[in-house]
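There are 2 protein chains.
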Amino acid sequence: MFNKRIKVKQLLASEQTGHEVTVMGWVRTFRNNQFLAVNDGSTNNNIQIVLELGQFDEALLKRLTTSASVKVTGEVVPSMGKGQKIEVKAKTLEILGDSDAEKYPLQLRNRPSLEYLREIAHMRFRTNTFGAVFRVRHSLAFAIHKFFNEKGFVYLHTPIITASDAEGAGEMFRVTSLPFDGTPRNEDGSVNFKEDFFGKSTNLTVSGQLEGELGATAFGEIYTFGPTFRAENSNTARHLAEFWMIEPEMAFSDLEDNMNLAEEFIKYIIQYAMDNNREDLEFLAQRLVEEEKQKPQAERSEMGLIEKLEFVLNNNFERITYTEAIDILLQSPAYKKKKFQYEVKWGIDMQSEHERYLVEKHFKKPVIVTNYPKDIKAFYMRLNEDGKTVAAMDILAPGIGEIVGGSQREERLENLEARMKEMHVPAEDLWWYLDTRRFGTVPHAGFGLGFERMVLFVTGMTNIRDVIAFPRTPKTAEF
Amino acid sequence: MFNKRIKVKQLLASEQTGHEVTVMGWVRTFRNNQFLAVNDGSTNNNIQIVLELGQFDEALLKRLTTSASVKVTGEVVPSMGKGQKIEVKAKTLEILGDSDAEKYPLQLRNRPSLEYLREIAHMRFRTNTFGAVFRVRHSLAFAIHKFFNEKGFVYLHTPIITASDAEGAGEMFRVTSLPFDGTPRNEDGSVNFKEDFFGKSTNLTVSGQLEGELGATAFGEIYTFGPTFRAENSNTARHLAEFWMIEPEMAFSDLEDNMNLAEEFIKYIIQYAMDNNREDLEFLAQRLVEEEKQKPQAERSEMGLIEKLEFVLNNNFERITYTEAIDILLQSPAYKKKKFQYEVKWGIDMQSEHERYLVEKHFKKPVIVTNYPKDIKAFYMRLNEDGKTVAAMDILAPGIGEIVGGSQREERLENLEARMKEMHVPAEDLWWYLDTRRFGTVPHAGFGLGFERMVLFVTGMTNIRDVIAFPRTPKTAEF
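Taken in sequence, the protein lines are chains U and L. All residue numbers in the first sequence are consecutive under numbering that gives the first Met the number 0, ending with 478. All residue numbers in the second sequence are consecutive under numbering that gives the first Met the number 0, ending with 478.
If you are wondering where the hints come from, they were derived from the structure by calculation, not from laboratory data. If a hint is listed, it holds; no wrong ones were tucked in.
Treat identical chains as interchangeable: a pair holds within one or across any two.
Straight-line distance between alpha carbons at most 25 Å, and here's what the computed PhoX-like set of lysine-lysine pairs gives: (1) LYS335 to LYS360; (2) LYS8 to LYS145; (3) LYS150 to LYS70; (4) LYS474 to LYS193; (5) LYS266 to LYS145; (6) LYS360 to LYS266.
From just these sequences and the hints, can you work out the full model?
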């Protein structure tokens with residue numbers, strides 16, 4: 000048994016002194032041949048190890064370079080230094096692994112840029128920024144499971160590989176075990192997918208919703224939390240080819256139930272991070288202040304990160320219809336001064352500039368927009384009585400844009416079939432989906448939350464590549 | 000707001016009477032034009048709704064067929080019938096969705112086979128067996144997150160799409176957006192993967208371990224819980240092409256720490272299901288008894304499902320070395336009577352029949368086998384001092400076989416490089432993996448648990464296709 004250590008987070012949390020502990024971690028700094036700051040990833044805070052002068056060989060001390068790994072045993076004593084209440088007076092010090100200072104790619108004193116850190120994503124977890132981001136990401140993920148478990152939702156693993164390409168949410172990646180050379184062909188020259196692994200053409204899922212509805216119409220309430228994929232050539236700070244999505248689906252629910260759940264859910268997971276990751280969030284708040292110092296005053300956030308999160312927790316999300324949203328835009332000074340690049344009129348799919356105006360300028364808080372024109376939304380959304388709009392909802396967040404997309408689902412078989420026909424969705428491929436409307440159909444609703452966009456919002460990071468461990472984007476699939 | 004209901008599980012848990020409730024769910028049975036059993040998926044138990052004779056139209060009552068969905072409001076009263084303490088005396092009854100009894104594919108009175116239910120996997124959640132299985136699956140998944148969260152492990156989402164095919168864990172699926180017709184080619188005729196979405200050839204991951212090690216050597220302890228893939232043509236009751244895996248990875252840990260964690264972990268999640276899903280497990284135990292009545296006495300389980308789980312909770316896993324395991328096999332009556340189909344000698348990769356003998360006949364409990372010959376294990380496993388074996392561990396479970404595979408990892412750069420060379424693993428593709436050994440390497444260890452095999456073990460189901468929502472196997476990717 001090697002792992003007889005106390006984690007630094009736990010050690011710092013107790014202010015007890017006088018006992019012996021073993022700490023293991025990586026060297027952050029070594030000052031005056033005496034003060035060794037060790038980090039073990041449990042927190043951004045280091046434990047200070049004090050080496051008495053003359054106690055250890057010079058040769059050993061020379062090896063205490065950044066990121067060398069050490070095992071230290073010693074007594075916990077009150078610290079005289081500022082910034083920590085306790086420190087460890089070393090009795091024994093062992094170097095587990097050296098780190099060649101010349102070659103180590105992460106020289107923190109050089110303040111590596113986020114762009115550079117993406118190139119060494121295998122090492123960036125060792126920085127304070129990414130330590131904080133990924134511990135917050137962990138907490139948000141755990142809070143998501145905790146929230147749904149407490150409410151009695153069943154966690155459903157919907158399939159990743161799918162033969163159904165009917166959802167129309169975007170471009171899909173092909174999954175295949177057929178070769179490009181000597182591809183099996185039918186007599187007419189087309190590819191013979193019967194020879195493929197699954198006996199048909201298959202893709203990576205863009206959403207687990209349709210299968211989620213199968214679960215909800217049996218268990219009542221389910222959620223998914225899994226990877227989803229888009230083969231879209233979008234090289235932006237908000238898009239990934241592989242990202243994680245949470246999709247709750249609730250039987251016996253309408254659009255208002257859906258909005259209530261989404262708002263409660265978002266507040267719950269933010270509150271959980273505030274309660275459990277306060278230090279990490281404060282670090283990230285400070286990081287954001289520093290980052291924004293590079294920007295002109297007018298472009299800086301009005302609120303700090305913690306303030307922003309508290310504001311979201313303490314205020315109701317604004318709820319407006321799409322029609323109201325268009326009216327607000329048409330009456331806005333921005334519109335009158337022709338500051339919008341894209342057209343504004345009823346029926347448009349709102350552009351980022353419109354959403355940002357609503358959220359960041361007009362309401363200055365998260366906004367739920369409902370009842371969109373049917374022509375810009377998916378076939379499964381419930382048609383409203385006006386015959387023109389559907390019971391959809393998007394939640395728009397300041398600085399991020401769309402963070403949630405959802406709807407009440409069309410539970411009426413005839414309406415659904417008519418809509419599928421209009422939109423050229425092949426009913427024969429979705430016989431199983433239609434069965435839920437044939438046998439005990441119920442009003443139901445659900446939404447999808449893009450997990451990385453939520454992590455962006457909570458951490459104040461600005462590029463989505465910095466909140467997922469190893470981002471997959473066009474021309475990039477490193478590590 | 001539509002969702003003003005009490006879930007059946009919650010209603011049955013309280014024995015309070017005299018108040019009014021609204022219940023929504025699906026009809027299970029309707030007897031004597033009077034007793035309506037309604038299920039909402041929160042539990043296998045139904046709430047009995049009592050309809051006073053003459054209170055509702057005959058035409059309405061005729062629509063109360065299996066799986067019709069209903070909304071009932073009424074008073075909770077003590078039940079005179081057996082099997083339940085309370086029932087609901089209906090005041091209002093609304094049919095939300097009809098279910099044509101002639102067409103409904105799931106006629107429970109016919110005792111549909113598990114094979115048939117796989118063909119209607121979109122409806123099988125509505126049976127008691129699959130209700131219980133997927134609620135237990137949910138609880139196990141939640142318990143996994145709870146266990147690691149309490150221990151301070153960071154949940155890491157390792158990539159699903161990967162360009163690294165060096166792990167050698169099995170056949171991989173290709174992920175591509177290149178067309179089969181008019182595939183871009185290099186001058187030498189080979190496929191030009193620079194034109195593919197990620198600018199190189201990519202596959203679906205077979206394991207998140209290598210990336211997990213990158214996390215562990217920064218955060219100390221991490222775990223993954225995500226889908227993994229094998230493009231292997233194995234049409235067995237234990238193999239899936241898409242399955243979920245949990246992979247914890249711990250810095251500052253050796254093989255013994257790894258075994259301790261795995262055993263504690265498995266017991267924790269079983270205990271959680273026992274505490275939170277007792278009714279479902281008792282139902283599944285009874286189901287298993289019924290299923291085994293079809294088998295000859297000698298093939299039936301010695302223990303019932305609940306007994307088996309309690310036995311695992313209350314006993315230490317047996318820990319033996321591979322060398323000891325081979326000795327036990329060589330000295331077994333089965334070997335002496337030539338009952339093994341495959342050869343037994345030091346160096347073999349044990350076959351299922353050998354593992355089953357050890358677990359089911361010899362020890363009759365979970366067994367951890369350690370220190371396998373290096374030639375049958377992966378390149379990243381730590382070489383023992385004997386130069387012949389590696390610090391690997393497999394956990395074998397009765398009735399299931401291998402449920403966990405893990406090892407202490409080779410943290411010594413020279414050893415790892417030598418092993419990669421011997422096994423033809425290209426070092427240039429894994430430069431990032433080797434960097435963890437270059438910069439502050441530490442003793443570390445981890446394992447992978449196949450989630451569906453664990454669900455099989457806990458639910459007593461015997462075919463892995465029955466414990467994942469929509470199984471992906473050769474020639475099958477329905478729903």
